[in-house]
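Residue numbers (our numbering), protein chains in the order written: chain A, 1 to 113; chain B, 1 to 111.
If you are wondering where the hints come from, they were derived from the structure by calculation, not from laboratory data. For each residue, glycine too, the CB sits at the ideal point set by N, CA and C. Check before you lean on any hint, since a few could be wrong.
Unchecked claim - EDC-like cross-link-like pairs, simulated, lysine to aspartate or glutamate; straight-line CA separation at most 16 Å:
#1 K41/A to D9/B
#2 K41/A to E8/B
#3 K40/A to D9/B
#4 K98/B to E44/A
#5 K98/B to E24/A
Stated by the list, open to error - Covered by chain A, according to a simulated footprint, are these stretches of chain B (three or more residues, beta-carbon under 8 Å):
#6 32–42
#7 46–54
Stated by the list, open to error - Partial list, computed: chain B residues near chain A (C-beta under 8 Å):
#8 F90
#9 K98
#10 F101
#11 G102
#12 T103
#13 G104
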Amino acid sequence: DTEVTQTPKHLVMGMTNKKSLKCEQHMGHRAMYWYKQKAKKPPELMFVYSYEKLSINESVPSRFSPECPNSSLLNLHLHALQPEDSALYLCASSQPGGTVGYTFGSGTRLTVV
Amino acid sequence: AQSVAQPEDQVNVAEGNPLTVKCTYSVSGNPYLFWYVQYPNRGLQFLLKYITGDNLVKGSYGFEAEFNKSQTSFHLKKPSALVSDSALYFCAVTGTYKYIFGTGTRLKVLA
Chain A
1 DTEVTQTPKH LVMGMTNKKS LKCEQHMGHR AMYWYKQKAK KPPELMFVYS
51 YEKLSINESV PSRFSPECPN SSLLNLHLHA LQPEDSALYL CASSQPGGTV
101 GYTFGSGTRL TVV
Chain B
1 AQSVAQPEDQ VNVAEGNPLT VKCTYSVSGN PYLFWYVQYP NRGLQFLLKY
51 ITGDNLVKGS YGFEAEFNKS QTSFHLKKPS ALVSDSALYF CAVTGTYKYI
101 FGTGTRLKVL A
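Whenever a hint applies, use it, and build me the whole structure from the sequences.
Here you go:
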């Protein structure tokens with residue numbers, strides 16, 4: 001299995017809702033990442049997990065809460081989001097260090113209304 | 001600080017012609033360089049990488065890239081473009097754990 005699977009593909013949520021994005025990989029990668037991508041812009045790193053521990057938080061607002069239950073799963077919990085948080089959220093995985101390249105999921109298109 | 005630059009927002013090329021998508025980098029130490037492609041509403045797909053060794057790197061879908069240390073460049077090339085190559089291309093440099101992406105170049109291959 002050489003894929004990173006993200007669910008759901010699309011999500012519309014109100015500003016008072018709580019929702020979660022899910023990411024799963026079975027490539028044995030021990031580093032997993034959340035990126036946010038606005039239209040026609042490069043992805044922006046949000047969080048890095050290495051060996052199931054949070055290693056990098058790029059000063060992301062607390063309304064985004066990551067979780068890594070095990071080496072194959074990565075969640076992003078969303079609460080009280082703002083319309084400007086609407087974006088494509090990408091999950092990626094790699095071996096720690098990233099020198100062999102990342103494998104990205106297809107993303108979740110999030111719209112906050 | 002590490003950075004990459006993609007000087008062209010868009011590149012247009014006729015089908016069958018060679019294509020080049022430009023990338024320059026600024027890093028301290030030896031660079032790890034990557035190219036990714038993104039189709040609409042999809043994640044990024046890995047094309048190729050340069051870590052060390054031969055300056056000409058071959059990757060997926062017939063793409064290749066040439067690492068030029070003196071010009072600090074890592075241009076993406078393909079000898080004969082296909083309409084299906086039309087997509088958004090990102091150059092990236094990485095240290096530990098973090099990619100620095102370029103701003104992206106939209107490639108449009110015209111039939």
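Evaluation of the provided hints:
no. : hint           : in the structure
1   : K41/A to D9/B  : 11 Å, holds
2   : K41/A to E8/B  : 13 Å, holds
3   : K40/A to D9/B  : 10 Å, holds
4   : K98/B to E44/A : 10 Å, holds
5   : K98/B to E24/A : 20 Å, violated
6   : 32–42          : holds (count 5)
7   : 46–54          : holds (count 3)
8   : F90            : 6 Å, holds
9   : K98            : 6 Å, holds
10  : F101           : 4 Å, holds
11  : G102           : 7 Å, holds
12  : T103           : 6 Å, holds
13  : G104           : 6 Å, holds
Hint compliance for this structure: hint 5 alone is broken.
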